[in-house]
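Make the full structure from the sequences, and use the hints.
Listed below, chain by chain, are the residues.
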Amino acid sequence: MSAAEKRSGAGKYLAVYVCMLMIPALEAVIAYQNIDGSQKLLGMLSLAIIGALLVVLFFMNLATENRSFVLFIAVFTLFVLATINYGWTDSFRLLVGAPFAK
Amino acid sequence: MSQADLAVGGHTPAMEPSPFAIPAKKLAMWLFIISDIMTFAACLVAYGFLRNATPDWPRPFHSSTVISVMVMTFILVSSSLTMLLGVRAAKADDRPAAFRWTFITVAGGVIFVLLHIREWGGIIGEGVTLFKNPWGTSLFGAAYFSVTGLELLHVMAGLIALIIVGLGYRRGRYGSDDIENCGLFWQFINVVWMFVVPLVYLLNVAN
Numbered sequence: 001m002s003a004a005e006k007r008s009g010a011g012k013y014l015a016v017y018v019c020m021l022m023i024p025a026l027e028a029v030i031a032y033q034n035i036d037g038s039q040k041l042l043g044m045l046s047l048a049i050i051g052a053l054l055v056v057l058f059f060m061n062l063a064t065e066n067r068s069f070v071l072f073i074a075v076f077t078l079f080v081l082a083t084i085n086y087g088w089t090d091s092f093r094l095l096v097g098a099p100f101a102k
Numbered sequence: 001m002s003q004a005d006l007a008v009g010g011h012t013p014a015m016e017p018s019p020f021a022i023p024a025k026k027l028a029m030w031l032f033i034i035s036d037i038m039t040f041a042a043c044l045v046a047y048g049f050l051r052n053a054t055p056d057w058p059r060p061f062h063s064s065t066v067i068s069v070m071v072m073t074f075i076l077v078s079s080s081l082t083m084l085l086g087v088r089a090a091k092a093d094d095r096p097a098a099f100r101w102t103f104i105t106v107a108g109g110v111i112f113v114l115l116h117i118r119e120w121g122g123i124i125g126e127g128v129t130l131f132k133n134p135w136g137t138s139l140f141g142a143a144y145f146s147v148t149g150l151e152l153l154h155v156m157a158g159l160i161a162l163i164i165v166g167l168g169y170r171r172g173r174y175g176s177d178d179i180e181n182c183g184l185f186w187q188f189i190n191v192v193w194m195f196v197v198p199l200v201y202l203l204n205v206a207n
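Residue numbers (this note's numbering), protein chains in the order written: chain A, 1 to 102; chain B, 1 to 207.
Hints may be right or wrong, so weigh each one.
The calculated lysine to any residue pairs, modelled on SDA-like cross-linking and capped at a C-alpha distance of 20 Å, are [to be verified]:
| id | chain 1 | residue 1 | chain 2 | residue 2 |
| --- | --- | --- | --- | --- |
| 1 | B | LYS26 | A | MET22 |
| 2 | B | LYS25 | A | LYS40 |
| 3 | B | LYS26 | B | ARG173 |
| 4 | A | LYS40 | B | VAL200 |
| 5 | B | LYS26 | A | LEU62 |
Derived by calculation from the structure, the hints in this document are not laboratory data.
None of the values given here were measured: they were computed from a predicted structure.
See below:
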């Protein structure tokens, strides 16, 4: 690894590091805003997903991996995460109240 | 063609190329990370399910807790950076630097664990346990301690792995790919914490 490559790599990682520190700070700001809970959740979850992507792509070096491997990880993980979130409609059903819900 | 035929012929068995052209240990670590993502996702979705279905979910975290959690986040994110620097040093075959960065990461992890336990002490002092809490909402304590406890368990397991592999790497027993695999697990812990902080702490900030 040449000195120039090392410097550019270090600069990239430092930029990602600063972004990752700003994300929780922004989330804390959102937490104290006088807005609806669902808006807070949307804002915070969006920031968390951006932070997670930054870590996965740059700190875990997935951005430099084999393309088929990245596709495998992305499709497999997202598919299972989507199926885990299938039960949310039931949560709202319990909240609203439904016959034989409890 | 049997193994005996191959032995007689003096040919070595044809090896399958590694999947996705990455080392098998690295693929195994990624598969483990994906399975662990499922575990945490299931816990967080269950927690979200409970919170959404409970109109009077308590919001007990004051600004002191938020500050403490921000400090813990700073320490964990910084330890991710030091782990990355350790992996880069290991790949460049700079053993002393890789060992140094790995143990700086361990130090950060230990501080994180101590702060986390201190945070738990605070909430237990308010009367929250697995089975009861002062606000009467069932399962708040169980949900909180399950999610944060699972994260803490992963951090502690990561620390043990880093110490063993770091010491082995310095002695020459382990290579740079072992440091890289431990680094992948440490970065994964950071990813999980990025979701635990807003969902468990920041959405339950006291008004």
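Item to complete: Verify the proposed pairing of B:LYS26 with A:MET22, using a straight-line Cα cut of 20 Å.
Response: violated (30 Å)
Discussion item. Check the hint pairing B:LYS25 with A:LYS40 against an upper bound of 20 Å on the C-alpha distance.
Written reply: Measuring from Cα to Cα gives roughly 40 Å; hence the hint is violated.
Worksheet entry | Hinted pair B:LYS26 and A:LEU62, Cα distance within 20 Å | holds (12 Å)
Fill in: Hint consistency between B:LYS26 and B:ARG173 [alpha-carbon to alpha-carbon, up to 20 Å]
Holds. B:LYS26 to B:ARG173 sits at ~18 Å (cutoff 20 Å).
Fill in: Hint consistency between A:LYS40 and B:VAL200 [alpha-carbon to alpha-carbon, up to 20 Å]
This hinted pair holds, its Cα atoms lying about 13 Å apart.
Going down the numbered hints, you'll see the structure goes against 1 and 2, while the others check out.
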